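The listed protein sequences derive, respectively, from chains U and X. Counting in our numbering, the first sequence runs from 117 upward without gaps. Counting in our numbering, the second sequence runs from 813 upward without gaps.
The set of hints was computed from the structure by calculation and includes no laboratory data.
Calculated cross-link-like contacts (lysine-lysine; reagent style BS3-like; alpha-carbon spacing at most 30 Å):
#, chain 1, residue 1, chain 2, residue 2
1, X, K821, X, K869
2, X, K885, X, K869
3, X, K821, X, K885
4, U, K173, U, K211
5, X, K885, X, K827
6, X, K869, U, K211
7, U, K125, U, K173
8, U, K173, X, K821
9, U, K173, X, K834
10, X, K821, X, K834
11, U, K211, X, K877
12, X, K821, X, K877
13, X, K877, U, K173
14, X, K834, X, K885
15, X, K869, X, K834
16, X, K827, X, K869
17, U, K211, U, K125
18, X, K821, U, K125
19, X, K885, U, K211
20, X, K877, X, K834
Partner residues are not named here, just some residues of chain X that face chain U (Cβ under 10 Å, in silico):
#, residue
21, E844
22, L909
23, G912
Keep in mind that this is a model prediction, so the values were computed, not measured. Just so it is clear, CB atoms sit at the ideal spot from N, CA and C, and this is done for glycine as well.
One letter stands for each residue in the lines below.
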Amino acid sequence: DSGVTQTPKHLITATGQRVTLRCSPRSGDLSVYWYQQSLDQGLQFLIQYYNGEERAKGNILERFSAQQFPDLHSELNLSSLELGDSALYFCASEKGGGGTGELFFGEGSRLTVL
Amino acid sequence: AQRVTQPEKLLSVFKGAPVELKCNYSYSGSPELFWYVQYSRQRLQLLLRHISRESIKGFTADLNKGETSFHLKKPFAQEEDSAMYYCALRSGSARQLTFGSGTQLTVLP
Numbered sequence: 117d118s119g120v121t122q123t124p125k126h127l128i129t130a131t132g133q134r135v136t137l138r139c140s141p142r143s144g145d146l147s148v149y150w151y152q153q154s155l156d157q158g159l160q161f162l163i164q165y166y167n168g169e170e171r172a173k174g175n176i177l178e179r180f181s182a183q184q185f186p187d188l189h190s191e192l193n194l195s196s197l198e199l200g201d202s203a204l205y206f207c208a209s210e211k212g213g214g215g216t217g218e219l220f221f222g223e224g225s226r227l228t229v230l
Numbered sequence: 813a814q815r816v817t818q819p820e821k822l823l824s825v826f827k828g829a830p831v832e833l834k835c836n837y838s839y840s841g842s843p844e845l846f847w848y849v850q851y852s853r854q855r856l857q858l859l860l861r862h863i864s865r866e867s868i869k870g871f872t873a874d875l876n877k878g879e880t881s882f883h884l885k886k887p888f889a890q891e892e893d894s895a896m897y898y899c900a901l902r903s904g905s906a907r908q909l910t911f912g913s914g915t916q917l918t919v920l921p
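The shape of chain U in the complex, shown without the other chains:
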């Protein structure tokens, strides 16, 4: 499958813990976006990377951080987790840095904080 892959698919952890979500973009895509989808909420933009550099920041908490590596995969780090961080986290990739507007989404990582 040459689409966007996200791991893990499901993750259950406790408050105060730290987790890392991983995303591999489509082959050749330079941009990676992270979105959070909480219950009854739309997709909230967190952060965008383009070719290893941070391009834009949305409503990302200071407890959250991300990076994009030279091989273009990206990781989203969530620390000091709270109950309200329970959500579906989506990664999406795009060929350029805002070209066609067609984002290719992964299946998401479902985080449950107990």
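Use these hints to put chain X onto chain U, whose structure you have.
Relative to chain U, chain X alone:
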């Protein structure tokens, strides 16, 4: 700040009936708008974009700058249209997408 509003969380129509999914936006610049769709057990994917002025799977959407709307329409709904639909606005220097909260469309037999 930019905002996308989809006032209907849920929408049900009968097969063969017309369907309109509403989307309103707030943005001071020149908007670029999109509709994304997520079918059951599939990934979120692009349905159409306003600049293409295309019809995809019978759906069309017209940008109305006066009413700041980008409603999605289809004259005759099909059961396979049942899905979650998201309206999105591209803005900002990095041109990231801002999504609405989505409308779950159910087409009844």
